[in-house]
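Please build the complete structure, drawing on both the sequences and the hints.
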Amino acid sequence: MNIDFSHKKISLLGSTGSIGRQTIETTKSLGVKVIAIAAYGNDLNLLERQALELKPELVAVYDEKSAIEMKKRLNGICEVESGIEGVCAAAAIKSADTVVTAMSGMIGLLPTVAAIKAKKNIGLANKETLVAAGDIIMPLAKKYGVSILPVDSEHSAIFQCLHSGGKSVESKIRRIILTASGGPFFRWDKEQLEKVTLEMALKHPNWSMGKKISIDSATLMNKGLEFIEAMHLFGINRSEIENNKIEIVIHRESIIHSMVEFEDCAVIAQMSNPDMRLPIQYAITYPERVKSLCTPIDFGVMKKMTFEKPDMETFRCLKLCIEAARVGKNMPVTVNAANEAAVDLFLKRKIGFSDIPRIIEKVCGKIDGETDLVYYDNIEHIIEMDAYVKKLVYGKGYEV
Numbered sequence: 019m020n021i022d023f024s025h026k027k028i029s030l031l032g033s034t035g036s037i038g039r040q041t042i043e044t045t046k047s048l049g050v051k052v053i054a055i056a057a058y059g060n061d062l063n064l065l066e067r068q069a070l071e072l073k074p075e076l077v078a079v080y081d082e083k084s085a086i087e088m089k090k091r092l093n094g095i096c097e098v099e100s101g102i103e104g105v106c107a108a109a110a111i112k113s114a115d116t117v118v119t120a121m122s123g124m125i126g127l128l129p130t131v132a133a134i135k136a137k138k139n140i141g142l143a144n145k146e147t148l149v150a151a152g153d154i155i156m157p158l159a160k161k162y163g164v165s166i167l168p169v170d171s172e173h174s175a176i177f178q179c180l181h182s183g184g185k186s187v188e189s190k191i192r193r194i195i196l197t198a199s200g201g202p203f204f205r206w207d208k209e210q211l212e213k214v215t216l217e218m219a220l221k222h223p224n225w226s227m228g229k230k231i232s233i234d235s236a237t238l239m240n241k242g243l244e245f246i247e248a249m250h251l252f253g254i255n256r257s258e259i260e261n262n263k264i265e266i267v268i269h270r271e272s273i274i275h276s277m278v279e280f281e282d283c284a285v286i287a288q289m290s291n292p293d294m295r296l297p298i299q300y301a302i303t304y305p306e307r308v309k310s311l312c313t314p315i316d317f318g319v320m321k322k323m324t325f326e327k328p329d330m331e332t333f334r335c336l337k338l339c340i341e342a343a344r345v346g347k348n349m350p351v352t353v354n355a356a357n358e359a360a361v362d363l364f365l366k367r368k369i370g371f372s373d374i375p376r377i378i379e380k381v382c383g384k385i386d387g388e389t390d391l392v393y394y395d396n397i398e399h400i401i402e403m404d405a406y407v408k409k410l411v412y413g414k415g416y417e418v
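Here the sequence shown is numbered in my numbering, starting from 19 and rising by one per residue.
There's no promise every hint is true.
To be verified - BS3-like, lysine-lysine: derived pairs with alpha carbons at most 25 Å apart:
1) Lys230 - Lys337
2) Lys73 - Lys160
3) Lys46 - Lys73
4) Lys213 - Lys229
5) Lys337 - Lys409
It should be emphasised that the hints constitute simulated quantities derived from the structure, not laboratory data.
Pasting the structure below:
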């Protein structure tokens with residue numbers, strides 16, 4: 019049965035990134051209209067091509083100077099807005115029913131809030147929103163009656179295991195099992211990691227991603243952030259973390275994208291070839307499944323699937339994230355902000371690869387010791403904390 023999705027209209031935040039480009043490809047195949055696009059403004063040529071092809075109502079460019087240039091280029095073809103206000107306007111645009119948030123970093127937080135308050139369903143590909151402010155975002159979504167549909171392959175896999183046929187079985191979870199590829203430095207030791215270059219860290223074995231997320235994958239920080247995100251998406255409280263209700267396993271083949279074990283000890287896994295267009299599509303078409311652009315698995319040529327525990331002593335970023343999840347309060351936003359700044363320094367070749375976890379641990383220890391810095395239940399204080407932590411890292415962070 020062919021299903022018509024032409025009535026669906028989305029706003030796409032982060033249109034020039036890897037997820038954004040694949041989202042546009044997916045919307046074309048589905049016949050879904052892209053009403054608004056937003057980007058940082060560091061690839062104006064691509065953004066211009068997207069605007070000319072999609073003809074959205076609104077183009078938002080975060081960088082002010084880039085927005086001025088884009089306005090000149092488009093010359094009235096569509097509205098152009100700038101800054102975080104412009105991105106929030108794209109998120110809350112009246113004609114969209116779903117907002118795909120694919121801008122990486124804390125920049126995605128305020129637009130996600132704007133979209134929720136405008137009662138838009140969220141296709142979430144921005145980890146930092148829930149990592150830093152999940153205690154606020156999830157109740158806010160419930161208050162406004164909107165759905166948060168995960169776009170990350172792992173969280174989409176868990177969602178699919180729990181919501182097959184449109185019926186949730188979250189109350190029956192015994193254990194969530196997040197799979198990880200292990201990144202480009204699987205089974206490397208600490209001495210080897212000291213010699214990692216930027217070029218080496220940017221080469222992921224299975225996925226083609228942006229620079230920041232590629233580095234996060236190499237340090238296993240990405241999996242740590244996903245651990246915290248899974249807590250919020252699937253209602254796992256901090257006391258349940260102590261009982262290993264969320265576990266991580268290295269699965270090099272990246273065929274099983276995550277698994278759920280239920281109270282009767284049955285395990286359901288979601289499997290597919292590595293292709294982000296599948297979780298993107300499911301977030302747009304849920305609860306319907308339709309033909310996708312993905313290639314089916316050929317089980318006849320699959321030799322094996324392997325699993326093993328991650329080495330959290332060597333890859334300290336993962337352990338720091340899990341510790342932050344257990345502690346709560348300031349620690350999730352701290353570990354996320356410290357990582358964003360440290361990765362930025364590494365990308366600028368100002369620190370080494372192994373300095374990233376050292377900096378995060380150093381800053382987390384400082385924040386944990388500052389008893390006057392307490393957690394507040396509002397977005398403004400989350401943003402203040404994020405800025406404070408990044409100032410620490412940029413000011414002193416690479417004195418490691």
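Here is how each hint holds up against the structure:
no.	hint	verdict
1	Lys230 - Lys337	holds, 19 Å
2	Lys73 - Lys160	violated, 33 Å
3	Lys46 - Lys73	holds, 13 Å
4	Lys213 - Lys229	holds, 19 Å
5	Lys337 - Lys409	holds, 23 Å
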